[in-house]
Amino acid sequence: MSINPLSRRQLLTRAGKGFGAIAASHLLQAAGNNPLAAKPSHEPTKVKSIIYLFMHGGVSHVDTWDPKPELTRLSGQTIPASFVQGLKTSRIDFTKAIMRGSPWEFKHHGQSGIEVSSLFPHMARHVDDMAVVRSCYGDAFDHAPAMYLRSTGTQLPGRPSLGSWAVYGLGSENQNLPAFVVMSDGAMKCGPQGYGAGYLPALYQGTVFRGGEHPILDLATPNGISPKTQRTTLDLIQDLDQNHLQSRAGDDVLEARLASYELAFRMQSTAPEAVDFNSESAATKKLYGIGEPLTDDFGRKCLLARRLVERGVRFIQLYSGSHLGDDWDGAHGDLTGSHNKMAKKSDQPIAGLLADLKGRGLLDSTLVVWSSEFGRTPLAEGKNGRDHHPYAFPMWFAGGGVKGGRVYGSTDEFGLRPQENPVDSHDTNATILRLMGMDHLKLTYFYQGRDMRLTDVHGEREFTRFLRGA
Amino acid sequence: MRIALLALALPLAANEATEILQRNCYSCHSKSLQLSGLDLSSRQAALKGGNKGPALNLTDPAQSNLLKAVKHEKGLAPMPPANPLKPEQIAILESWIRSGATYPETSKQPQTPTWWSFIPPKPQSITSIDQYLDAKLTEQKLPKAPRASRATLIRRLYFDLTGLPPTAQQVAAFAADNNPKAYEQLVDKLLASPRYGEKWARHWLDLVRYSDTAGFELDSYVADAWRYRDYVIQAFNEDKPYNRFIQEQLAGDEYAPEDPIANTGTGFYCVGPNRDLFPDQADINRVETLTDFTDTTANVFLGLTAGCARCHDHKFDPISQKDYYRLQAVFAPAVKTKVALNRLSSLGWDVDENIREIKLREVGAQIRTIQDPCQKKTYDQKLARLTSEVQQAIKTPENERTPRQKELQTEYNSAVNVSDDEIRACLNPAETTKLHALERQLVNMFKGYREKPFACGVTDVGDYAPKTFVPSRGIATNVEATPGFFSALGGGDIPERSFERKTTGPIPMFPTTGRRHALAEWLTNPQHPLTSRVLVNRIWQYHFGRGIVATPSDYGRRGAAPSHPELLDHLATQFVKDGWSIKRLHRAILLTDAYQRDANPANPEVKKRDPENIYLSHFNRRRLTSDELRDSVLAATGRLNLKMFGRPIVAPLAKEEMYGMIGNPSSMWIVTTDTSEHTRRSIYLQQRRTFRVPMMEVFDAPEPMLSCSRREASTIAPQSLTLLNGSLVLEQSKAIAAEWVKQHATDDTLIDQAWRQVLSRQASTTESTKAKQFLATQTRNTNSREAAAAELARALLNLNEFLYVD
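Protein chains in written order, with our numbering: chain A, 1 to 470; chain B, 1 to 806.
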């Protein structure tokens, strides 16, 4: 299915005709003031949307994307103290814990031969489309600060997230849907501040899509109120508001508010259409693992992400896992159990998403990013666990002009620290912005006497050129 | 206090040349930064020079690198990079080098302020604020809007001073009042209303990043934060002089160690974010907490964005990194403590709690004794019913289970769970009797349980004060920062033991460093250039929607220049003269003609000529804030509970509204049992740092992590969804409609009542006609007159007339 995007003028004019109570000119005027209107990017780019896949709780790097044979060889021994000097984490003592090799087998995949563990058999088939970065690092070893660091560039909550910055910089291609959509299993350790707008205006905040027919809070006409009743009430509001406006001519804000009721009304029909999978074929659903008990939930989220991309949503953030027990962090006490389960839940859906985007020709214009707040200690926690490890962990990029089948950066032989090309959250965020056509140095917001940036005063190790294949 | 006065009264710096260097070069080339290895702040260092050699050439002055750089000669980077020096400044430097480049000996003395906001305000010969504003309007050729109608004015005043709408009766009475003093009397009446403190405390709580929880992934409760919230409400209501208000918040424990109210003021330090419950993050937490104290203090009281200087000298304002840590050193000895609100009852509470703890341990032991046998018995019975493979899987310790066993364990775990009911069913009569006795004992133990009579505040560790060091690129150095104030504001050092707490009680008090006391004295010095300016400008902004300085927490070089500088100084000096009375300041502002103008400009041209309405030719229409909106909806339907003060109220939320909340709602969203409390004013609602009620959030309730000096007023579609479909308006519409239908047999009187109650006025004839048709249509659509009336209420609560203040 391809959607022929209407220009905003066309859209608003058409929409305006549907509602007698409000003149199209008001809508147009409101659009002129609309801070979410699509804006030109700093640099030319084909990328229109980004899907950010965030693995909540911390995925072990040495068991997924970063093979460490040396660690396996020395499994069971303690590590020389000099290797772990200065490393500190939430539960274990690096100088006393023993090394633990990965219980999963690594194999070469694709033409590129990138090694992936047996945890991700589906994603492994797409390595030739992925650029795997093995040398991410941070300095926060608790979940919430580490999640804030990844998305906002600081350990403290209350700063704008990557999605908010992207929407602030680029606006939205679809005014009838939120520009920045978040899907999760509910309670997350970062809370809504993980996708908040911080000091940016609230409208740049991520909108949570819940399950069900009406994904946005208060989107549905309340129970017991028929569409006819709703329309009649809306008409009275608009009628009286028009009258109110007449004696206050020229007030753009009041006009924008009148228009916002119509936008809201249109959202009421657009959003349910976007989340309705009836038009999707059985084959597509199967691709995402929809209908299978373990993969159904994340599969639905991934398929919805593709549908939102098609509808011009700028930034889609998906979280796999939640605060309430079901996440990658189960690896503290049960590495194999937690990782087997969480990998099963997300592997096929993500692979399905990549395949589907590619099949529909959307992968070039959609950047897919996979990340977690940190890795897990190459050293053991208890008999079958790994602790938090913010000092080295991987992420990958696909689509959006990224040349796949390549690996950037490396870690030492135990996966303790980056060795080549270390990159922190500023560097990766600068890179993501650049791939979307934005210069992280130019994307600023004046606040508290400074032109604030997502990357603060950093981001100099941006690696966009590598990702683009240069 | 002596040192502070001295610091502000210092003579002008002697040397023009070094002043040029100081203003243009030191930010990069002084001791603390030394870019290109160059330090220009002393003769010795300048002669030594940097990477490009000596800066000064005393034998051939024209060949001095300093001169070459400022003259933009080849071979050196042109300096200063942004704003080249003027020829006359270069001439001064040149003659200074020729004469031997001597530096003033008083280099340790505080610098002389040069930036406008760092120079103390001078009394102005402004006798009438209006005359002054009018002169500017005339100058700009901007016509004034006429005076607003009485109905508009009373609504404006009510929202501005109390955050609530007037009733229809109050509007009608005011409109009909012939007394020429009616407006003035209304101002006084509203300033005296207890609702005033509730409205204005909200502004202050935004500024001091108030929240009832600490933030981060535990988002633990700051259980006594609300005592500070109540303190602020009371302070506004009793018009506590602003200097005293500052002193109590920054150092109430030092000013009045035995006064629980003053000590509660230091809750200022407790209501910010912290990670106090993360023991392994104690080091980070300490740094972040001190940073929070420093930045918030600079932001709120000084209107400065000092945070930039945390890592390096401020790029735009004359705040060095060292200065930043001098201010931070003021807070280094402060530690959180509990403030006893009443000697006797606080003591009693502590004693009870002490006994309760011991009793509870015993109760816990008894419960286990009674229940454990039954728990085990039932468990074993349940386990025995399962296959031996499953039994084995469950019995195997977690770490030793095979994958298959793990699956089985997950699957069958609930099958062996023993519920409370099952245990009770298994107990014998004697055990049951014992358990009931324990239950009675527990209930009795908590019968009188209430809020503990303590607030959260700070005290000072005195001689144990840790030292403060200036870090370099995030790494600690051994450069010590001694407590003091910003040099550019003439700040001096705080001497050790400069102050002793005065107590009357029998117990001698721990001596404090007096650093926070010194800070408060410095800030509340009548000559302080920023304190009074910042405050009067905030009040002005809250009334007019725009400050005289449009950046209310940034008076530095990146901040906005004052639109009416003389007026700002006039208000600031008058404010101090009036005993730092905020209510007198309100009065002076509210009685101006400027405040009473209509919100529509005199003609459309005005909007083009002064789009931001800087010159106040008309009033700035504004949207209600999230708090005002919720309170107004409840007021309109007569459900607002005006009870004041007390622990935070948690009103129930639908499951989907709690989406994204950190942790389990059973611990994070403990709903207040008494439902009549759910409709209290918004300021009394629990405010979590990591979660905002969606309805409040969508209407721009600020993120309580950082000081917020001005709320956004966005206009977005989700707001319309919230008002149209959200639970607040929907429930309130239904509730009020039920009453209307009962009270009014005819639509005419029902409509009249609806308009009066929601919009505080009569409906016009056209409106009545429309409403009648509407009720008829909706009665047909819904088959219910009551449902139709609820739709009418829903429509009225959605109107711009309801949501905006003219």
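These are computed hints drawn from the structure, not numbers from a lab. It cannot be assumed that every hint is accurate.
[What the hints assert, rightly or not] Derived BS3-like pairs (lysine-lysine); straight-line CA-CA distance at most 25 angstroms: (1) Lys734/B / Lys341/A; (2) Lys359/B / Lys336/B; (3) Lys376/B / Lys338/B; (4) Lys141/B / Lys607/B; (5) Lys742/B / Lys770/B; (6) Lys734/B / Lys772/B; (7) Lys338/B / Lys447/B; (8) Lys71/B / Lys383/A; (9) Lys467/B / Lys68/B; (10) Lys770/B / Lys228/A; (11) Lys68/B / Lys383/A; (12) Lys122/B / Lys583/B; (13) Lys406/B / Lys344/A; (14) Lys315/B / Lys442/A; (15) Lys341/A / Lys395/B; (16) Lys228/A / Lys772/B; (17) Lys447/B / Lys467/B; (18) Lys643/B / Lys734/B; (19) Lys322/B / Lys447/B; (20) Lys228/A / Lys338/B; (21) Lys285/A / Lys228/A; (22) Lys189/B / Lys643/B.
Hints, verified against the model:
1. Lys734/B / Lys341/A: Violated, because 47 angstroms separates the two Cα atoms, which is more than 25 angstroms.
2. Lys359/B / Lys336/B: Roughly 28 angstroms separates the two Cα atoms, so the pair is violated.
3. Lys376/B / Lys338/B: violated, 43 angstroms
4. Lys141/B / Lys607/B: Holds. Lys141/B to Lys607/B sits at ~13 angstroms (cutoff 25 angstroms).
5. Lys742/B / Lys770/B: holds, 22 angstroms
6. Lys734/B / Lys772/B: holds, 18 angstroms
7. Lys338/B / Lys447/B: At roughly 24 angstroms apart (the allowed maximum being 25 angstroms), Lys447/B and Lys338/B satisfy the hint.
8. Lys71/B / Lys383/A: Given that 25 angstroms is the threshold and the Cα spacing comes to 71 angstroms, the pair is violated.
9. Lys467/B / Lys68/B: violated, 42 angstroms
10. Lys770/B / Lys228/A: Holds, at roughly 17 angstroms.
11. Lys68/B / Lys383/A: violated, 69 angstroms
12. Lys122/B / Lys583/B: Answer holds: Lys122/B to Lys583/B is near 22 angstroms, not above 25 angstroms.
13. Lys406/B / Lys344/A: holds, 16 angstroms
14. Lys315/B / Lys442/A: Answer holds: Lys315/B to Lys442/A is near 18 angstroms, not above 25 angstroms.
15. Lys341/A / Lys395/B: holds, 22 angstroms
16. Lys228/A / Lys772/B: holds, 17 angstroms
17. Lys447/B / Lys467/B: Judged against 25 angstroms, a Cα distance of about 47 angstroms means the pair is violated.
18. Lys643/B / Lys734/B: At roughly 24 angstroms apart (the allowed maximum being 25 angstroms), Lys734/B and Lys643/B satisfy the hint.
19. Lys322/B / Lys447/B: violated, 55 angstroms
20. Lys228/A / Lys338/B: Violated, at about 58 angstroms.
21. Lys285/A / Lys228/A: violated, 35 angstroms
22. Lys189/B / Lys643/B: Holds. Lys189/B to Lys643/B sits at ~19 angstroms (cutoff 25 angstroms).
Hints 1, 2, 3, 8, 9, 11, 17, 19, 20 and 21, counting from the list given before, are not met by this structure.
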